[in-house]
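*Asks:* Chains A and B supply the protein sequences, listed in that same order. Residue 398 is where the first sequence ends in our numbering, and the numbering goes up by one at each step. Residue 513 is where the second sequence ends in our numbering, and the numbering goes up by one at each step.
Derived by calculation from the structure, the hints in this document are not laboratory data. There is no bait here: all hints are sound.
Cβ-Cβ distance ranges computed for the label pairs, FRET-style:
| hint | chain 1 | residue 1 | chain 2 | residue 2 | range |
| --- | --- | --- | --- | --- | --- |
| 1 | A | R191 | B | A418 | 36 to 44 angstroms |
| 2 | B | R406 | A | R108 | 38 to 46 angstroms |
| 3 | A | Q47 | B | E276 | 44 to 52 angstroms |
C-beta: ideal position from N, C-alpha, C; glycine also.
These are the residues of each chain, in order.
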Amino acid sequence: MAKTGRRRRLTEALLNPRVDDGALESTLASARERLPLPLIWLIGKTQSGKTSIIRALTGSPAAEIGNGFQPCTRSSRIYDFPAEAPVVRFLDTRGLGEVDYDPEEDIRFGESLAHLLLVVMKAGDLDQEAVLEVVRAVRRRHPEWPLVIAQTTLHEGYPSDFEHPQPYPFGTEPWPASLPPDLTRALRAQRDRAGDLPGRAPVRWVPVDLTLPEDGYAPADYGLEALWEAIDTLSTLPLRHLLGRDPDVLDLFERAAHPHIVGYALAAAGVGALPVVDLAGVPAIQAKMLQSLAALHAQTWDRRTILEFLGLLGTGVGIAYGTRMAGRTLIKLVPYLGQTLGAVWGASASGATTFALGKAAAYYLRRRNLGLSTEARALRRVFADQITQGARLLRDSR
Amino acid sequence: MNRIDPWWLVALLLWLVPFVVLLPLGFVWLHQHDAALYWFGTIIVFGLLGFGLQARLRRRERLALDLEHSGPDPAWPPSAEAAWSLVEDWAESVDPADWPLDEEMRLGVLALRTLERVAGHFHPEVENPLLELRVPHALMIVERASRDLRRRITDHVPLSHRLTVGTLARAYRWRGFAERVLSLYRAGHLVLNPVGALLNEALGQLRRRGFAAAREDLYRWLLQEYVRQIGRYAIELYSGRLPLNDAEPVERLTQDSRRDLERAVEVERAPHENLEQEPLRLLVLGRSNTGKSSLINALFGHPRAAVDILPDTTRALTPYRLERDGVDQALILDSPGADRLGYKTLHDAANMADLILWVSAAHRPDRQSERQTLQALRTAMAARVDRRPPPLLVVVTHIDQLRPLREWQPPYDLTDTANLKAMSIQAAITALAADLEVPIANVIPVCLAEGRVYNVEDTLWTALLEQMDRAQRARLLRCQVARRRDENWTLLRRQLANAGRFLLALPGRSSRH
Chain A
1 MAKTGRRRRL TEALLNPRVD DGALESTLAS ARERLPLPLI WLIGKTQSGK
51 TSIIRALTGS PAAEIGNGFQ PCTRSSRIYD FPAEAPVVRF LDTRGLGEVD
101 YDPEEDIRFG ESLAHLLLVV MKAGDLDQEA VLEVVRAVRR RHPEWPLVIA
151 QTTLHEGYPS DFEHPQPYPF GTEPWPASLP PDLTRALRAQ RDRAGDLPGR
201 APVRWVPVDL TLPEDGYAPA DYGLEALWEA IDTLSTLPLR HLLGRDPDVL
251 DLFERAAHPH IVGYALAAAG VGALPVVDLA GVPAIQAKML QSLAALHAQT
301 WDRRTILEFL GLLGTGVGIA YGTRMAGRTL IKLVPYLGQT LGAVWGASAS
351 GATTFALGKA AAYYLRRRNL GLSTEARALR RVFADQITQG ARLLRDSR
Chain B
1 MNRIDPWWLV ALLLWLVPFV VLLPLGFVWL HQHDAALYWF GTIIVFGLLG
51 FGLQARLRRR ERLALDLEHS GPDPAWPPSA EAAWSLVEDW AESVDPADWP
101 LDEEMRLGVL ALRTLERVAG HFHPEVENPL LELRVPHALM IVERASRDLR
151 RRITDHVPLS HRLTVGTLAR AYRWRGFAER VLSLYRAGHL VLNPVGALLN
201 EALGQLRRRG FAAAREDLYR WLLQEYVRQI GRYAIELYSG RLPLNDAEPV
251 ERLTQDSRRD LERAVEVERA PHENLEQEPL RLLVLGRSNT GKSSLINALF
301 GHPRAAVDIL PDTTRALTPY RLERDGVDQA LILDSPGADR LGYKTLHDAA
351 NMADLILWVS AAHRPDRQSE RQTLQALRTA MAARVDRRPP PLLVVVTHID
401 QLRPLREWQP PYDLTDTANL KAMSIQAAIT ALAADLEVPI ANVIPVCLAE
451 GRVYNVEDTL WTALLEQMDR AQRARLLRCQ VARRRDENWT LLRRQLANAG
501 RFLLALPGRS SRH
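Isolated chain A, as found in the complex:
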């Protein structure tokens, strides 16, 4: 009896395009507590390019980032990416440079959360004492936090009609002589002025120029690769992979979909690991994920689409879990998914399955976008591959 009731709830959850936002939100919140998200603490003056850094790292438009910020302390705000099921959070200290700004409150807030300090300085603005003050205070308290200092808006030091030097010259010392001398002097002066920063975790300085495509500098994300490289070297988090910014992922849709899938997978893992498992929580998260993915691909996620997708996937799920699914109706499959994941596989299993389900859905939606039909075999393969990928990702991100 309980089984049929649960089944109905689940069917509804997947087939009904509307998910109860309140219930989902509380589920996600409890999951988040279970599985704290990595936090990148951005320190820099107003308009020094913090939003540009987030935009470049996450690949979402500047306007979306601007709207996505939520106040958290008196002088800071936080940006969850992606908003509904975050993979990573960015803490932005707004009041920086104000005389009465006290970083204590922010330090306390970010204390248990921050994994990376990302300092943003305009290359031409050498008046950075206020920023460095905060960095020193934070590093004194947390010498283990890695620190990346991005020197932004390089173009302000260019002579007119100068283009970004290619290949990126700041990776190796000494820098080539062809660089504008004013720029290199400013960059060096900024580093000299910072002096020896406290803390034992290494510090990396990365000159970048993150402009908008319409600004006319090519590439718009100049130096982003070096920034990723620095973050990857310093941080133990597979941040780049969590955000779907691996260089081998070229498809734009896949890039956009990836952090969403990871976010929901993390949430599902969090829910799955809760001591008293409400198994309905996981399918609700999965349903919400499928909806967001469809929205990302600009497709309608109606009953017909769901049935088609689940139909194609059907046996794939069976293979993955080594259970016989043949002969079962599609709808029967779904509650099975929800139950088994929670009961048998626990946290990482529901996370990994959610991840694989999202990846498969993304694959399916991408094919549809291209006007191609999806073969059931291919879809199942994607699902099977991604189960392992997801499990590894969840293990790594702990």
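Given chain A, work out where chain B should sit, using these hints.
*Replies:* Here is chain B on its own, set in the frame of chain A:
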């Protein structure tokens, strides 16, 4: 009264009787011809017309007088304005009846009262503020107030070149006697011609009131003007603005400017040229690396100050001599970043400035520290009641770095909503005006980048010239303060020297006797 012989009066009356009799006779005649009522009516109509005309003339007279009040000096420091309103109140309350001209000492008392008021305002802590007056200064007040009063009377009072003080005084001195004679005459009149006497009396009252009022108005104006002139110089004196030397304070170099000019000559290795007049002092302030030195170079049109992308290129206040048509001799002072300058240095520099050019970068929106520096400067300047704060112009640099980044095709019309760059510039200066709390008209966007200098020759210079009046006024006050300081020292030195000579001579003198 007792000086008039009653028999003389009787003789006079006897002469008058036949003529006086004509009045009742005429009245009888009017009565017989039933025309008495018309006659009464005519009297009333003419009386009213005459009164109306008188009232109008009087008002015109008064208006002409009212227009010519002395006012406060626009160059006065704010502290003097309160004192001036005291003087105004006092002048308004002066009643000519209390200050008759025939008592010679009364006008002196009026002047003294005025002085007391002003002195009390400036020295509330002293029991007898008048004693704060220095003797040469007191003499000078009298001299100057009289000179000014003379000018005002000749310029503004009709027929004043024929008016003597005696006329006014006599009018008052004989008034009592004339009134007594008149009342006697009126009494006699009433007996002989009751109706005519009554009417005459009524008309006379009206007429006299009108005349007396006009004369009184003139006298009141004179008294008030006297009070105002005295008050004006008393304010000049007690606020310490009045130098013992008659020359304009700007005509001589202050010590600070002399020193800065020497430094300017040193910095520029220019031929030494003596400046007689105090130059206008333009101070360039702003955070480090916003382009203060670049602005100076752009104002000169050729490089004079060292410019670099690294901050602190300018280490100390550096004066330059600026000469240009339409501008007085000027010293323009370059400064290190305002955040690097000590509080005291910054305030001293601002105190010595006649105009402040605040340089702010359009692409550095973290203006919190800038706003605080500026606010502290404003508070300090507002606290100095003896000076007017110098005008402030905000120069917005680096506008070429605004979006769209790679575009630079001046000129830009900031009202053009189709041009993205113009819109960014407009948005930047609006934000800056709000951040720094300055009127947007005083915010001037310029570009100072090499080869891209824009808006300096035209807009910035025009704005500078528009502020020249205020800058000159600020200079006047600054010079007066500096001159007073110098004067005190020179006088003290001279007096001490004289006293020393006297003491030196003393033993010789005593041994001789």
